[in-house]
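Asks: Sequence:
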Amino acid sequence: MGCYRLQPSLCVPVLHLLICTACVIPSGCLAPHKVARTETGGPEYSKARLIYRLSQSSTKSGTQFSTTAPGLVDLVSAANDVLEEETAAWETARLEIIYPHPDGNTSTARVVLQLSHDATVAEPAAVSKPLGTRIRQAAAVLPFVDEPADRMDPVTTPEGFENVRMLDIPREQLDLLLVDLAGSGLFEDQKRPDGGTTLDVTLDRGRVRKAWTPEPRLDDLVMRVWREGRRMYLPGRSPLQNQN
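Take the sequence shown: its position 8, counted from the start at 1, is 1460 in this note's numbering, and no numbers get skipped.
A few of these clues could be false.
Using 30 Å as the maximum straight-line C-alpha spacing, the simulated DSSO-like pairs for lysine-lysine come out as follows [claimed, not checked]:
no. : residue 1 : residue 2
1   : K1643     : K1662
2   : K1643     : K1499
3   : K1662     : K1499
Keep in mind the hints are simulated off the structure, nothing from the lab.
Work the whole structure out from these sequences, hints included.
Replies: See below:
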């Protein structure tokens, strides 16, 4: 059986990378879609979308954060208008990875982190549109305006999510994430007790969505986007409101 050998200590069987297509076969089951590997050993796909949702209660000690992060405090304090929401910890986080990058760069993926103070905020209803169309819509941005500080990028975001940040990562990092998820059994029939997270992964024609437990590499990416990502403002809101 072939293996992914991304590093000496990492060897993941190809057969672990199985996800279900949206096509229903006559028996009523979803047909498995095998993800092949490239010559360099990484998973082979042309389009990908990963959504990782987690609750504040699911995070490990030390990974909690609130909207009073460095940079935001100065902006609010300068306006002498510290809002209660600024000190309220987030309840729900939504990490979305889109590949290829919306600008067409196949060596890069876009990562968007969205936070909400609402623990019950709903995921947008799925729509039966081609993946390419969904990717373009998810990554759609409006023209820059002069009002927000630091040229924060405008973005469309699901209703109920407020604080939004964006970071671009190399495709190789997305490959490693997928291999980790394959090794954890996400793409198999394995089920886990509800750990406060959900994962929704689409690769080309295949898709899997499950209630899951926290994934360390994805948790680390959440924190990295929070610390390093560009702030994005929501259209129709002032710069100060966009820090909530």
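Asks: Run every hint past the structure and note whether it holds.
Replies: Status of each hint after checking the structure:
1. K1643 / K1662: It holds: about 8 Å lies between the C-alpha atoms, which stays within 30 Å.
2. K1643 / K1499: holds, 25 Å
3. K1662 / K1499: holds, 20 Å
In this structure, none of the earlier numbered hints is contradicted; all agree with it.
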